[in-house]
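Asks: Sequences are here, hints too, so could you generate the full structure?
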Amino acid sequence: MNLKQEFLNITGTLYRVALQILQNQQDAEDAVSDFYIKVMEKRDQFSRYDSLKAALIRSMKNHCLNLIKSRKRFHSVEEISIELPSLTNDCSGSEERLLLVQKIIDELSVKQKIIIELRMVECLPMKQIADIMEEKVNTVEKIISRVRKKIRIEYENRKSK
Amino acid sequence: MKTENLNRAKNLLDKYELGQTSLEEENVLITYFNSEEVPNELANYKDEFNYYSAFRNVQFTGSLQEPNNISGNSLVKKIYKFFSKWYVLSLIILVPILLLIATYQNNQNEEVKPINNQSFPPPSTNDSISLVNQDSKFKDSFVRENKNSSTYPIVSSTQTAFDTLNNTIELGDKVSVTPESSTYNVSSKNNTIELGDKVSVTTESSTDNVSSDNQHNLLNSSTDKSGVAQKEVTFNLTENSTSGKLASIAYLANKAGIEYTYIVDRHKKKIHELNIEMIIRSTGERSQLWIAFPKKSSFVETLYWTVDQDGKAVSLCAGKIEHMVSAKHPIE
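Each protein sequence line maps, in turn, to chains A and B. If you count the first sequence from 1, position 103 lands on 100 in my numbering, and the numbers rise without skipping. If you count the second sequence from 1, position 128 lands on 120 in my numbering, and the numbers rise without skipping.
What you were told as hints is all true, and nothing was included just to trick you.
DMTMM-like mimics (lysine to aspartate or glutamate), calculated; alpha carbons at most 25 Å apart, straight line:
(1) Lys70/B - Asp47/A
(2) Lys312/B - Glu224/B
(3) Lys146/A - Glu131/A
(4) Lys320/B - Glu269/B
(5) Lys108/A - Asp6/B
(6) Lys147/A - Asp39/B
(7) Lys156/A - Glu28/B
(8) Lys147/A - Glu16/B
(9) Lys39/A - Glu26/A
(10) Lys156/A - Glu18/B
(11) Lys110/A - Glu9/B
(12) Lys156/A - Glu9/B
(13) Lys147/A - Glu9/B
(14) Lys100/A - Asp39/B
(15) Lys108/A - Glu26/A
(16) Lys100/A - Asp27/A
(17) Lys50/A - Glu17/B
(18) Lys38/B - Glu138/A
(19) Lys108/A - Glu16/B
(20) Lys7/B - Glu151/A
(21) Lys70/B - Glu38/A
(22) Lys73/B - Asp41/A
(23) Lys147/A - Glu17/B
(24) Lys156/A - Glu29/B
(25) Lys7/B - Glu138/A
(26) Lys69/B - Asp31/A
(27) Lys66/A - Glu104/A
(28) Lys156/A - Asp6/B
(29) Lys73/B - Glu38/A
(30) Lys39/A - Glu3/A
(31) Lys146/A - Asp6/B
(32) Lys7/B - Glu153/A
(33) Lys133/A - Asp6/B
(34) Lys38/B - Glu18/B
Partial list, derived from the structure: chain A residues whose beta carbon lies under 8 Å from chain B:
(35) Thr8
(36) Arg13
(37) Glu26
(38) Arg94
(39) Cys120
(40) Ile141
No lab work stands behind these hints: they were computed from the structure. Virtual Cβ for every residue (Gly too), placed ideally from N, Cα, C.
Replies: Given below as structure tokens:
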């Protein structure tokens, strides 16, 4: 499949991954745009990959991680305003709960955040996630298991307060 | 139905926390938690799974701009990329240079072949003769040089063993030199020939003496006052002169009727002391060149003698004794 077409297909995925990493809507949008330009300029480098989707996502992940590294030089981490899009339309208390889940996930390490996102939101198979994260499948499974337990425990703790 | 789903959900959740659920199973969980039948005990999970479902709805709302210079995979770009690869560039640069060097070398060394033990047929008069370089084989029989700086000198005597060599032009052969390469320079008085030119042997009356050291010999022909043709045989000696070269000079001197003795002392293959004594056997004229330099320094000395038309030496260059450091090796 053509590179541009593939990119457009997974723009949502790329954006969501960027959101998880950068914690900021504006930054994520900029990151996706910049990444698009980068990809279009270097199309030849993508021709050697079997799975364009995994290659693009992996590349996007690395792009965002680099952004974080360069960010860290100028701001301390706490200053970044965490603005994520609202997830629900209804005004029942569900928004609070969703925010709580979000908060817990934000406190995970970057790697864990990305893996959970890829699995639960994007529904990617383990093999592809391992490919994107440049880890072994076993490692990814262990990380997911640890994260899920942590989310459950943390949520129980905080919800009761 | 509810309890079945509940039990199934609970089982899946156990697997879920171990990271063992498949995509389909996780999908089942998601749909279950989106439904309304979830009991309170699993409320926490419901919130979590709802979060994931909600996050799937987040869309990209920015805009994607095309970069300016999408020339993509145009042919020009491909050619440019190909030529910018390092191995292509280096090939393009190196191959012509190597070819040039090779052709240049061929012009210089075309006539030079290493000596091996086979005896060449005597040169017939119309053949062109390779001017051979004398290699170290024949010098081994009479001279030993030490290549490291040690104190004992090297004495060479020039009397023996030259005659085993029969693959050079015998001096005294009638040789006419016809210049065939472009490096031939003729001045009005002297016929100066760079060796490396093809030499053909004919029976013409004019004779030139050709010595076989191919890079350092200049052939001068001049006439002295009495009108008798005299040729000067010249050698340039530097700190890099090889032992083969020195031995070939010795051989030629011997052929010209010069009693030729030399000692050479080297340091790491570079000459730093050179002691040459020449005596023309017929006239007894003597000349000595004895120079001593600091090790690893460079020098250029010219050694020559003049020969008459028979190839016999008639006069030697003036001697020179110059010691820039203390010389160690006198000829006894």
